[in-house]
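**Student:** Each chain, written out:
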Amino acid sequence: GENVEQHPSTLSVQEGDSAVIKCTYSDSASNYFPWYKQELGKGPQLIIDIRSNVGEKKDQRIAVTLNKTAKHFSLHITETQPEDSAVYFCAPSGGYQKVTFGTGTKLQVIP
Amino acid sequence: ETGVTQTPRHLVMGMTNKKSLKCEQHLGHNAMYWYKQSAKKPLELMFVYSLEERVENNSVPSRFSPECPNSSHLFLHLHTLQPEDSALYLCASSPGVWGNYGYTFGSGTRLTVV
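In the order they appear, the protein sequences are chains A and B. Counting from 1, position 15 in the first sequence corresponds to residue 615 in the numbering used here; the numbering is continuous, with no gaps. Counting from 1, position 56 in the second sequence corresponds to residue 59 in the numbering used here; the numbering is continuous, with no gaps.
If we strip away everything but chain A, and leave its shape as in the complex, we get:
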């Protein structure tokens, strides 16, 4: 099965700074790379995803970059705001693979 590692496990940044979370996976057949955000008391919410034929995708303050050769992809959040505080999960997958979620990164944005 897919081996997924996510780093760091916790991250504190000052409001306005950038945050980067990295996800490393093992299965070269993976071709779908989403990031989920889970706020307190809620289920995970898909915030951005990328497919293997694209290297980078942006949506306002968030972006995802993919390095298929090195088997990792990253979530970038710029101009962080307190409402970005949450736990973030990666979940690489593809084809008929089960989806394996990363262990999560707790992001704290300090006002």
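Just to be clear, a hint being listed does not mean it is correct.
Claimed, not checked - Listed below are the simulated DSS-like cross-link pairs for lysine-lysine, each with C-alpha atoms no more than 27 angstroms apart in a straight line:
#1 A:K671 to B:K22
#2 A:K622 to B:K39
#3 A:K668 to A:K658
#4 A:K637 to B:K39
#5 B:K43 to B:K22
#6 A:K642 to B:K21
#7 B:K21 to B:K39
Said to hold, decoys possible - So the derived label-pair ranges between C-beta atoms look like this:
#8 A:E683 to B:S41: 43 to 51 angstroms
#9 A:S612 to B:R66: 48 to 56 angstroms
#10 B:G6 to A:P711: 27 to 35 angstroms
#11 B:T19 to A:D617: 50 to 58 angstroms
#12 B:K43 to A:E656: 30 to 38 angstroms
#13 A:S626 to B:P11: 34 to 42 angstroms
#14 A:V620 to B:A42: 24 to 32 angstroms
#15 A:K657 to B:S23: 23 to 31 angstroms
#16 B:S62 to A:R661: 23 to 31 angstroms
#17 B:V15 to A:K706: 25 to 33 angstroms
#18 B:N61 to A:Q660: 32 to 40 angstroms
To be verified - Partial list, computed: chain B residues near chain A (C-beta under 10 angstroms):
#19 Q40
#20 E47
#21 L48
#22 E55
#23 S97
Just so you know, these hints were derived from the structure itself, not from any lab. All residues carry an ideal CB built from backbone N, CA and C; glycine is no exception.
Use these hints to put chain B onto chain A, whose structure you have.
**Tutor:** Leaving out everything else, chain B in the frame of chain A:
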């Protein structure tokens, strides 16, 4: 509202009780999932349904019994649970089963077994 609704939001049950968790989606998705989320553990896949047919039972104890009467509804029937089963139970749906699709999660049921 996420599009996937779970009830109840909170549940406290004794080890001899029988209860059911309900999940409902009206997104037109064909696949539905049950996940268990415990503190300091990754999300654990429990069951997968594709078009009302169970396609995965991830070695889940028989005290958890899923039911999918139609593509919009999913239940998790609970009986004779143990305290270690206390966790957040999440339902999700996706357009198709397995990879290549993003999941839409419900807000979960916080279960406490006493």
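**Student:** Quick one: which hint numbers does this structure break? Sort them smallest to largest.
**Tutor:** 1, 8, 9, 15, 16, 22
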